[in-house]
Amino acid sequence: MRPHLVLAMSALTVVLMGCGPAAETQGETLAATVGTQSVGLAAHQKISIPEFDYVEDQDLQATRELSIFDNLGRAERFKEDLHSDGSGEIALSILEYAGLGLPTWSQPDSQLESSYFNRQRYLVKYRDLHLGSEISLQRNFRWSEQPGVVQVAGLDCKRIFAESVHGLGNFEFLVTVDTDLLLGWTSFDVQGDPVMRMKTLDVDFTPDHNGVAWAVPAVAEHPYAGPVDEPLLGFAPQSPQYVPPGFYGLEERLLLANGIMANLGNIHAALYSDGIHMLFVAQQKTLSTPALNVLSGAVLVKHADIGGIRVAEGDLPGRRVYVVSQLPSEELQTIFGSLF
Amino acid sequence: MTNNPNNPELPERLTQDLRALGGAKAPEELWERVQLGLALGQVEKAPEELWGQVQLGLALGEVEKAPADLWSRVQPQLAAIAEPESQKPAGRVLHNQAWGRRLSIAAALMICAGIGYRFMGPAQVDPGAALAGPVSAADRAAFRAKVVFMEVSSKELSSVANSFAEGFGGITAEDDA
Chain G
4 MRPHLVLAMS ALTVVLMGCG PAAETQGETL AATVGTQSVG LAAHQKISIP EFDYVEDQDL
64 QATRELSIFD NLGRAERFKE DLHSDGSGEI ALSILEYAGL GLPTWSQPDS QLESSYFNRQ
124 RYLVKYRDLH LGSEISLQRN FRWSEQPGVV QVAGLDCKRI FAESVHGLGN FEFLVTVDTD
184 LLLGWTSFDV QGDPVMRMKT LDVDFTPDHN GVAWAVPAVA EHPYAGPVDE PLLGFAPQSP
244 QYVPPGFYGL EERLLLANGI MANLGNIHAA LYSDGIHMLF VAQQKTLSTP ALNVLSGAVL
304 VKHADIGGIR VAEGDLPGRR VYVVSQLPSE ELQTIFGSLF
Chain Z
57 MTNNPNNPEL PERLTQDLRA LGGAKAPEEL WERVQLGLAL GQVEKAPEEL WGQVQLGLAL
117 GEVEKAPADL WSRVQPQLAA IAEPESQKPA GRVLHNQAWG RRLSIAAALM ICAGIGYRFM
177 GPAQVDPGAA LAGPVSAADR AAFRAKVVFM EVSSKELSSV ANSFAEGFGG ITAEDDA
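Listed in order, the protein sequences are those of chains G and Z. When you number the first sequence by the working numbering, it's gap-free, plus one each residue, and the end is 343. When you number the second sequence by the working numbering, it's gap-free, plus one each residue, and the end is 233.
A couple of the hints might just be wrong.
[Unchecked claim] Derived Cβ-Cβ restraints for the label pairs, each shown as a range:
hint, chain 1, residue 1, chain 2, residue 2, range
1, Z, 209, G, 202, 28 to 36 Å
2, G, 108, Z, 192, 46 to 54 Å
3, Z, 194, G, 110, 23 to 31 Å
4, G, 108, Z, 190, 31 to 39 Å
[Said to hold, decoys possible] Listed next, the stretches of chain G that the computed footprint assigns to chain Z, with coverage defined by at least 3 CB atoms under 8 Å from CB atoms of chain Z:
hint, region
5, 110–120
6, 134–146
7, 153–167
8, 172–181
9, 205–216
[To be verified] Partial selection, computed: residues in chain G whose CB lies under 10 Å from chain Z:
hint, residue
10, 61
11, 63
12, 66
13, 68
14, 103
15, 107
16, 130
17, 228
18, 231
19, 235
20, 270
21, 277
22, 287
23, 328
24, 338
Keep in mind that the hints were calculated from the coordinates and are not lab data. A virtual CB, placed ideally from N, CA and C, is assigned to each residue, including glycine.
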């Protein structure tokens, strides 16, 4: 593990230990030994489940910096411009880009700009962290807050931590003291290394939206209605027999991909969450020869880590299956194996 | 090619040629054209089971590698096959990069339109939604055993799979470059 993270995660471990059942709501100072150094740490205070407000629900303009870390701790950084009118209209674009581990910003290329343009609504509504159902937040995470305030975009913020009780990765949130507006967050992997970090650099609550082109969704879709929709899909979608403990189904959708391109099969998309982590399982009819990569009864599934997001892709009889999440790859393998 | 998954035996010479190509990489243009041909149905596809076995063999190191000097002999022939744009049927062939981008954008739009909006916030989900319970280690191991999980680069996944990842925030300009 990287040295600076050893310190950070040791600190996190200590403070999260302080948030366990034995910990009470009293703050105290703990001493931790990190390497040969002894450091003083302000213990986090155990808190009840917080409630956040989100930037896309406010009338504002914000400049934000997203960092996506690789396994060596180096970050690609994306400086974003977000406009939101507070009534559902948003626009997200990329202003500048800094390559892996590079300190300097540069202009994004057209492909990166295009990638942002095509996904802007989704990135705000989905990549950015949001809190799910109360029961999931209650049962799947231990919540704590570091006493004191930190400055984010010139505003006093509190630091709130969510520790996964199932060891699936923790989170840190930066939330304004006065309004509970979420202005920053970091997601950690199961080893405690940061995967993604978002922080707001500047925020303007009296924004000028003139000339802003709001994001527009463009494709037909509707909630999956069950067997009545199977003719559109061309197969009966299977629910995974396994999702990680604490996850629950958020929704099922039918994505009419075939209406966009003739050689794309329609997609059944199911979304699961443990309250913060997301899990996406998609099944798509294969229009070519039914594909089945099998040897000795095992299905070949390819997977890759793309910017901190893991994707598994493989073929089952008549359908291609995708499992997408920030969860550990072993979890994706287990989920995939429970689909047939 | 005869698409007969019940008869995976290939002619001996073809088998040797294929084995000799192990570890060799075709020119990018050739790969793009083959992908494009497959997408447009202009190229007959190998039996999926054969493809799966080859991939698995590669993953498990069971496929023989080519002699080091073979690539230099094969490369000119592959280069000759991977000939220029002018040989493509006018008006029918899309360059694979553009094709992949269209797929990627289409998938991204589907994701944007299809998933992202309705689950936000505690008030918008079923408060009584049942949470999954624990599953035994033996059952999890049994599920995993049904899958040969092979890590690849993002470029070896489909455009749709890449787009799903990007929609979840897995945007990386390093891969885009």
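We went through each hint and held it up to the structure:
no.: 1; hint: Z:209 with G:202: 28 to 36 Å; in the structure: holds, 30 Å
no.: 2; hint: G:108 with Z:192: 46 to 54 Å; in the structure: holds, 50 Å
no.: 3; hint: Z:194 with G:110: 23 to 31 Å; in the structure: violated, 54 Å
no.: 4; hint: G:108 with Z:190: 31 to 39 Å; in the structure: violated, 46 Å
no.: 5; hint: 110–120; in the structure: holds (count 7)
no.: 6; hint: 134–146; in the structure: holds (count 9)
no.: 7; hint: 153–167; in the structure: violated (count 0)
no.: 8; hint: 172–181; in the structure: violated (count 0)
no.: 9; hint: 205–216; in the structure: violated (count 0)
no.: 10; hint: 61; in the structure: violated, 14 Å
no.: 11; hint: 63; in the structure: violated, 17 Å
no.: 12; hint: 66; in the structure: violated, 18 Å
no.: 13; hint: 68; in the structure: violated, 14 Å
no.: 14; hint: 103; in the structure: holds, 6 Å
no.: 15; hint: 107; in the structure: violated, 14 Å
no.: 16; hint: 130; in the structure: holds, 3 Å
no.: 17; hint: 228; in the structure: violated, 14 Å
no.: 18; hint: 231; in the structure: violated, 18 Å
no.: 19; hint: 235; in the structure: violated, 14 Å
no.: 20; hint: 270; in the structure: holds, 7 Å
no.: 21; hint: 277; in the structure: holds, 8 Å
no.: 22; hint: 287; in the structure: holds, 7 Å
no.: 23; hint: 328; in the structure: holds, 8 Å
no.: 24; hint: 338; in the structure: holds, 8 Å
Of the hints listed earlier, those the structure fails to meet are numbers 3, 4, 7, 8, 9, 10, 11, 12, 13, 15, 17, 18, 19, in rising order.
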